[in-house]
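S.K.: Build out the structure end to end from the sequences listed, making use of the hints.
Here the protein sequences come in this chain order: L and E. Per the working numbering, the very first residue in the first sequence carries number 1; after that it's consecutive. Per the working numbering, the very first residue in the second sequence carries number 211; after that it's consecutive.
In short, the hints are calculated from the structure, not lab data. No residue lacks a Cβ here, since even glycine has one placed at the ideal position from N, Cα and C. Keep in mind that a hint or two might mislead.
Keeping only pairs whose Cα atoms sit at most 30 Å apart, straight-line, the calculated DSS-like set for lysine-lysine is [what the hints assert, rightly or not]:
(1) K143/L / K222/E
(2) K222/E / K12/L
(3) K328/E / K353/E
(4) K222/E / K118/L
(5) K118/L / K143/L
(6) K12/L / K353/E
Here are a few chain L residues that face chain E, going by a calculated C-beta distance under 10 Å [claimed, not checked]:
(7) A38
(8) M67
(9) T80
(10) P202
(11) S204
Chain E side only, calculated, beta carbon under 8 Å to chain L, not exhaustive [as the list claims (entries may be wrong)]:
(12) A248
(13) I256
(14) A300
There are 2 protein chains.
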Amino acid sequence: MQPTARTTIHRKPQRGSYDREVIHRILDDGLVAHCAFAIEGQPYVIPMVYARLDDQLVLHGAIASRMLAQGAGGVAFCATITIVDGLVLARSWFHHSMNYRSVVVLGTAREISERGEKLRALEALVEHALPGRAHESRAPSEKELAATRVIALSIDEASAKCREGGPLPDDDGELPWWSGVVPLALRASAPVADADVRGPLPASLARWMR
Amino acid sequence: MQPTARTTIHRKPQRGSYDREVIHRILDDGLVAHCAFAIEGQPYVIPMVYARLDDQLVLHGAIASRMLAQGAGGVAFCATITIVDGLVLARSWFHHSMNYRSVVVLGTAREISERGEKLRALEALVEHALPGRAHESRAPSEKELAATRVIALSIDEASAKCREGGPLPDDDGELPWWSGVVPLALRASAPVADADVRGPLPASLARWMR
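M.R.: Structure follows, in structure tokens:
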């Protein structure tokens, strides 16, 4: 997509991308969106579960959520998704860094009210971290649907920024310190079943059980 | 600390805390702060490495960073730190959730210019993810110090919000689906040393090598 004045990356532009596929892939790999709106100049950043539904980022929660009410009301919105990939250890404090992939999406959100679209968005939200889970659990009742607000933010004004690899070259080669990268990733440990559960782990956990 | 009108948690207040120890512990366990400022009502959320130095959150980066220039200029600022602890699988879409610990800090930042305070902040930034690392690497040169901006945000107006445990009780006990929690945590895989490194892994990696 075209960078705008608001999404153009000035610091280390070589780490930036406006490629829709790159952006979508990061969004599909992330788990939490840090979403912000501002009231009288004061920004509020709230972590939210999210999903990508085609070219939209969808968020959901209780009708009473201020974040979602603000989003539905069309205020200027920002959603940032970050995946930490590693710690970068250099021989100097200065060159220590972190490997990461991040996406910033700007725009105004809209509420999804139409029943079919709302159900597709809620399905995407269940499936985002757990592909297949929507068919291993009960779809919402009318009461649950009415208690849930869903908003969508178009992924039209967005940028990605990533860092990978080891520390930058430096003049500290003679120093005795270890340098390199420690890869990091979010990993699952043994699932804890509810007391009344019988049967095997669901297929939707495959992504996390590798 | 005292909640303010801006930090009072309205949604699921039982998950909130204003306890300084709880807030500090989450800040000490997190890795990335999602920091925001607003320009003409549009918030921008940027992921930043951070550290806690006593009652302050410190951030650093290049002098040219817009985020740090805004922070140093005293604009209204928000920093949110989130740690994902698990996926919560329920028998209904509605009760799916995520376990997490998060902290929101509001306020205005100030630049740290005094040399001694700046070095202590930079040391804390190196040590945050890697305790002991400041003594396994070279402190900044004058040129590096001059190229780095450090800002501090007082942790005075802040709140924590956490979720833990399994899915909420529901009326879906007769459904055949697995329900429970999949614990998640950021974990390291085998470190990748730079080509010219000799010697063992540094002690500062102990936290990640367990």
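S.K.: Kindly indicate which numbered hints from before are broken by the structure, ordering the numbers from low to high.
M.R.: 2
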